[in-house]
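S.K.: Can you build the whole structure from these sequences, using the hints too?
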Amino acid sequence: MRKFGRSFLFIMSTLFLLSACNAKESKVIPSSEFVSKKYFVKGMTCGGCIIGAKMALGKAESLNIIDKDISVGEAVLKFDKKDYKESSTDCEVSKIIEKFTEFKVYIDKNHTQRACKS
1 MRKFGRSFLF
11 IMSTLFLLSA
21 CNAKESKVIP
31 SSEFVSKKYF
41 VKGMTCGGCI
51 IGAKMALGKA
61 ESLNIIDKDI
71 SVGEAVLKFD
81 KKDYKESSTD
91 CEVSKIIEKF
101 TEFKVYIDKN
111 HTQRACKS
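Numbering of the sequence shown is given in our numbering, commencing with residue 1 and proceeding in unit increments.
Keep in mind that the hints were calculated from the coordinates and are not lab data. Virtual Cβ for every residue (Gly too), placed ideally from N, Cα, C. A hint or two may mislead.
[As the list claims (entries may be wrong)] Keeping only pairs whose Cα atoms sit at most 30 angstroms apart, straight-line, the calculated DSS-like set for lysine-lysine is:
#1 Lys95 x Lys54
#2 Lys82 x Lys42
#3 Lys85 x Lys95
#4 Lys104 x Lys37
#5 Lys99 x Lys38
#6 Lys68 x Lys37
#7 Lys99 x Lys109
#8 Lys85 x Lys38
#9 Lys59 x Lys81
#10 Lys78 x Lys109
#11 Lys104 x Lys78
[Claimed, not checked] Derived CB-CB ranges, DEER-like:
#12 Thr45 x Thr112: 19 to 25 angstroms
#13 His111 x Ser32: 27 to 33 angstroms
#14 Gly48 x Lys85: 28 to 34 angstroms
#15 Ser87 x Asp67: 17 to 23 angstroms
#16 Glu33 x Glu61: 19 to 25 angstroms
#17 Gly43 x Glu92: 17 to 23 angstroms
#18 Asn110 x Glu33: 18 to 24 angstroms
#19 Ser88 x Gly47: 19 to 25 angstroms
#20 Gly43 x Lys81: 25 to 31 angstroms
#21 Lys117 x Gly43: 15 to 21 angstroms
M.R.: Structure below.
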């Protein structure tokens, strides 16, 4: 039993250290330097959908997204103020999500205004 306890402790310690090494440094950005934008994503129904949307946004090299808060049906993204170009950025977000998922992106909760007109 002691051998098991030591092995378990060693494994847990190793995992903790590895996760600490891989953790990104948190950079606190004053709210005056970023824009927070909420998108309404139609078609998201579960946690797997959230992962799909996050993966799609991760492929957007041209978007400088500071933070992503994605839940079922909504995505709140934070952009560096100098990089956010209003409808142009909204359209890019929409295109990348719609390219890699089956979701549709809107800028209103009632799903009447698409984030990208094209």
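S.K.: Compare the structure with each hint and give your call.
M.R.: Hint check results:
no. : hint                               : result
1   : Lys95 x Lys54                      : 14 angstroms, holds
2   : Lys82 x Lys42                      : 28 angstroms, holds
3   : Lys85 x Lys95                      : 15 angstroms, holds
4   : Lys104 x Lys37                     : 16 angstroms, holds
5   : Lys99 x Lys38                      : 19 angstroms, holds
6   : Lys68 x Lys37                      : 10 angstroms, holds
7   : Lys99 x Lys109                     : 21 angstroms, holds
8   : Lys85 x Lys38                      : 15 angstroms, holds
9   : Lys59 x Lys81                      : 21 angstroms, holds
10  : Lys78 x Lys109                     : 18 angstroms, holds
11  : Lys104 x Lys78                     : 19 angstroms, holds
12  : Thr45 x Thr112: 19 to 25 angstroms : 20 angstroms, holds
13  : His111 x Ser32: 27 to 33 angstroms : 31 angstroms, holds
14  : Gly48 x Lys85: 28 to 34 angstroms  : 31 angstroms, holds
15  : Ser87 x Asp67: 17 to 23 angstroms  : 21 angstroms, holds
16  : Glu33 x Glu61: 19 to 25 angstroms  : 21 angstroms, holds
17  : Gly43 x Glu92: 17 to 23 angstroms  : 19 angstroms, holds
18  : Asn110 x Glu33: 18 to 24 angstroms : 31 angstroms, violated
19  : Ser88 x Gly47: 19 to 25 angstroms  : 31 angstroms, violated
20  : Gly43 x Lys81: 25 to 31 angstroms  : 30 angstroms, holds
21  : Lys117 x Gly43: 15 to 21 angstroms : 19 angstroms, holds
Hint violations for this structure: numbers 18 and 19, all remaining hints satisfied.
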